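K.L.:
These protein sequence lines map, in sequence, to chains A and B. No gaps in the numbering here: position 69 of the first sequence is 56 in my numbering, and each next residue is one more. Every position in the second sequence, counted from 1, becomes a number in my numbering once 82 is added.
The hints are simulated quantities; they were obtained by calculation from the structure and are not laboratory data. For clarity, every value in this text was computed on a predicted model and none was experimentally measured. One thing to keep in mind: the hints can contain errors.
[To be verified] Taking lysine-lysine and the DSS-like style, the derived pairs with C-alpha atoms no more than 25 Å apart in a straight line are:
1) B:137 - B:155
2) B:155 - A:29
3) B:152 - A:29
[To be verified] Covered by chain A, per the in silico footprint, the following chain B stretches (three or more residues, Cβ under 8 Å):
4) 127 to 140
5) 178 to 188
Where a beta carbon is used, it is the ideal one built from N, C-alpha and C, also for glycine.
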Amino acid sequence: EPEVTQTPSHQVTQMGQEVILRCVPISNHLYFYWYRQILGQKVEFLVSFYNNEISEKSEIFDDQFSVERPDGSNFTLKIRSTKLEDSAMYFCASSGTTYEQYFGPGTRLTVT
Amino acid sequence: AQTVTQSQPEMSVQEAETVTLSCTYDTSESNYYLFWYKQPPSRQMILVIRQEAYKQQNATENRFSVNFQKAAKSFSLKISDSQLGDTAMYFCALSGSRLTFGEGTQLTVNP
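Using the sequences and the accompanying hints, generate a full structural model.
P.N.:
Here's what the structure looks like:
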């Protein structure tokens, strides 16, 4: 069964460093998403991506964040200068429609 | 703005018994989907069940079923014959251009 994959599973970085989180969505899906979950809190939407451009972003998704689909399979989230409060689980999701989203296993980002 | 509310932060149930998790929501959309996701300690988000708002029939997936009350904007999850592996955080989610999640209910199944 097709699934969304994410790498790395755990990333430790120092404050101020840039990180790139990678995702491979399900191959025939057209919509891609990033969500964030701070430990003990609910899952929060960051950004959606369709047809090679951002379709929607939340107030969390400020200038420190960017997304890219560099080739036909990968979908990346870049955080330019990480802060302590960026420590969270980051989930990639993909959808073949605008409704049903399948999540990857997540990348746990720890900023020290 | 869409909102999802789960008023039960924690619940517990004995193995083999039935438990119901509550969820209420608000949206101005006429067509939407509702979901329950399970998040075990591994923290992976696993889709448990989906409900299309325009369908009156409640969705069922094996031991999982929902009670969808559109007028009341209520979407509860019933787990029958609870198993130890059902222990997890359960999130209710509402579709739109983005998924909006509730705060979650931590379910513990006791042996």
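K.L.:
For which of the previously enumerated hints does the structure constitute a violation, in increasing order of number?
P.N.:
none
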